[in-house]
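Participant: Generate the whole structure from the sequences, applying the supplied hints.
There are 2 protein chains.
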Amino acid sequence: MKFADRMEKIEPFYVMALLGRAKQLESEGVDVIHLEVGEPDFPSPSRVVKAGMEAMASGLTHYTPATGLPLLKNKIADFYLQRYGVQLDPYRVIVTPGSSGGLQALIALLVNPGENVLLTDPGYPCNRNFVTMYGGIVKSVAVSAKDQFQFSADTIRANWDNNTRAVLMASPSNPTGTVVSDEALIAIANTVASLEGTLIVDEIYHGLTYDQSLSTVLQYSDEAFAINSFSKYFGMTGWRIGWVIAPEVAVPGLEKLCQNMFLAPPTVAQYGAIAALEPEALVELEERRVEFKRRRDYLEPALRSIGFIIPASSEGAFYIYADISAFAADSYQFCIDLLEKTGVAITPGIDFGTINAKRYVRFAYTTSVPRLQDAVSRIEGFIATL
Amino acid sequence: MKFADRMEKIEPFYVMALLGRAKQLESEGVDVIHLEVGEPDFPSPSRVVKAGMEAMASGLTHYTPATGLPLLKNKIADFYLQRYGVQLDPYRVIVTPGSSGGLQALIALLVNPGENVLLTDPGYPCNRNFVTMYGGIVKSVAVSAKDQFQFSADTIRANWDNNTRAVLMASPSNPTGTVVSDEALIAIANTVASLEGTLIVDEIYHGLTYDQSLSTVLQYSDEAFAINSFSKYFGMTGWRIGWVIAPEVAVPGLEKLCQNMFLAPPTVAQYGAIAALEPEALVELEERRVEFKRRRDYLEPALRSIGFIIPASSEGAFYIYADISAFAADSYQFCIDLLEKTGVAITPGIDFGTINAKRYVRFAYTTSVPRLQDAVSRIEGFIATL
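Which chain is which? The protein sequence lines are A and B, in order. Oh and the first sequence: position 117 is 117 in the numbering used here, straight run, nothing missing. Oh and the second sequence: position 200 is 200 in the numbering used here, straight run, nothing missing.
Be aware that one or more of the hints could be misleading.
Note that the list lumps identical chains together, so a pair holds whenever it fits in one copy or between two copies.
[Unchecked claim] Lysine-lysine pairs mimicking DSSO-like chemistry, simulated, CA-CA at most 30 Å apart: (1) Lys23 to Lys75; (2) Lys139 to Lys293; (3) Lys293 to Lys341; (4) Lys139 to Lys9; (5) Lys358 to Lys293; (6) Lys146 to Lys2.
Since the hints were derived computationally from the structure, they do not count as laboratory data. Since we're looking at a predicted model, the values are computed, not measured.
Facilitator: Rendered as structure tokens:
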């Protein structure tokens, strides 16, 4: 059977092979500590679960409008007013099946075959593949600790060419947990606008920051797209629900795409999401944020103390991006060996790009402090054998 | 803002404008009879709702594997054995967010830019747009009542060219409710194989047939892809859950695509789907099938008796495709006038293709017989005024 050429350019998640091996080890009785999973370990907030169950019990399991329930759109618009002071027409809210759905719809909306999109390396791997799937060209830009592993207006200008259509960036970033300052974000928005391109900011880890609260790009631009999700901060990964805030002019096109691609986002998840935006759920989520901070405050110095180099501190999400070049030449092999010898699972840099990928690994602090302590002690023992 | 060229080729659903107007009329107190909606009016089976609620209460709201829970894959494979006598390796089961997800993944997997896909006109509108989105060429083939508005081996051979990559067909068909006979399906599978193309059969309305039970293409081919869904027969539209049965060689590629495009299908929907395949739910679904048959048995002769020409009887799904050229020159205008004057909403042919689209409308018998009777009497009155 003949497959499309694009398939050769789409890489699998390397961590899946590790996960498969981790499961096998677990089935053999090994106690695996999972620091590879980009998913909160908490259950969904109790109010959210209750709302989802009520929706189901009430028979609310039919299709909704393609871009989401009007009530959910209103609640999301309210949320922007409360959290960021941004007044938003609910018409601009496009509810999607996870941010995955939103990211694909935006690439389909904006990028012609042969046009390129600037992406950070390291960065979220699916973004490269979405651009490739629609015939676009991925222009991976090496970002470094000097810029918090984020774009700056300068790097964007330096990498822009006649075929550049858009910049897609994430703050906080996966895999580095770093954020873009307001000053840098404003400069980036202005630069992309002056280059007549489109700025897409993935804000799915907003709410999960530990030293500051972040601005949304919507505070500084009416032309940018903001992508968000109920998965991470709101603890609703398996519900598959997210959203895009689009410039008004882009809404009809996105509506057409959502009608075709999704028919509608999952209905019960939308009712859960409405509850997630209520004050009671937000209180529960704030407690979890504090717990993530506690973990970060433990894990980052602990890793440093056993020899990991962390060139940019984790300011958000639940990720630490660490340089292992002092221990090994290839971080993928390092991850495999670490899992085999200690039962600690982490993600190799190669899942997030190619530039310097062999030097780095990603730690997800999505497990409790005692488990993190256990992991650090196992890792310390492992390193001593290298 | 500049949008990608593909956006000009993607048509909105024309019925959405009608739906918008229908909602407005309802808000003004008009009793609208909805015969435009491609969605069962029944709630999800009680066992399914119960299983979904239990999953939620148990905290099963995290990500699952990208192509679905192993238990669900096993259950789907069992279902093929029970219903069709087909022995299936569960490895070949790819669980997707609705059949929408599966259809997109298959086009991404198979079709290069510039290659074409044979589609029936009339047919499901999103399929045209999925091909377009990935740079493929839609080759719409006029199908007629002589062939039950379905492909035949002859029409496929006549329309095949050097750039044809695949045939995508649906049995039962949306919008015609017609099915492909076993004999025709075998001939089609053999023809596509001999042309070294790929056959994709959308079987999402399987289970909803009224005069016969259908074979799956998997009984006749190991190289074809079968697409299915829990939306229609299983009554789970808003849950957004479907599946693809793929040839073994295609599974690794589909896994890569699903990891990127969806991360995973909605978790609670997967637990609901497991319950939908249990004998108790299947009993409930069989009762509904009988009810759909009752509606078809009423509506089709009733429409004929008031002057509609139905060139191919509805054998499955819940659709009747009717020729209105005796009443009006443009079926879209006919639908608008019908809605305005009588409150009966139906779907214009233009949503399903361009060839002869102005002659046809689609009726969905997704409402009770008394409501259908009311609709027929209103339509009869309307026709008398033309």
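Participant: If a hint holds in the structure, say so; if it does not, say that too.
Facilitator: Outcome of the hint check:
no. : hint             : result
1   : Lys23 to Lys75   : between (40 Å within a copy, 22 Å between copies)
2   : Lys139 to Lys293 : neither (33 Å within a copy, 55 Å between copies)
3   : Lys293 to Lys341 : within (29 Å within a copy, 62 Å between copies)
4   : Lys139 to Lys9   : both (14 Å within a copy, 27 Å between copies)
5   : Lys358 to Lys293 : within (28 Å within a copy, 62 Å between copies)
6   : Lys146 to Lys2   : neither (45 Å within a copy, 33 Å between copies)
The structure fails hints 2, 6 (numbered hints given earlier, in ascending order).
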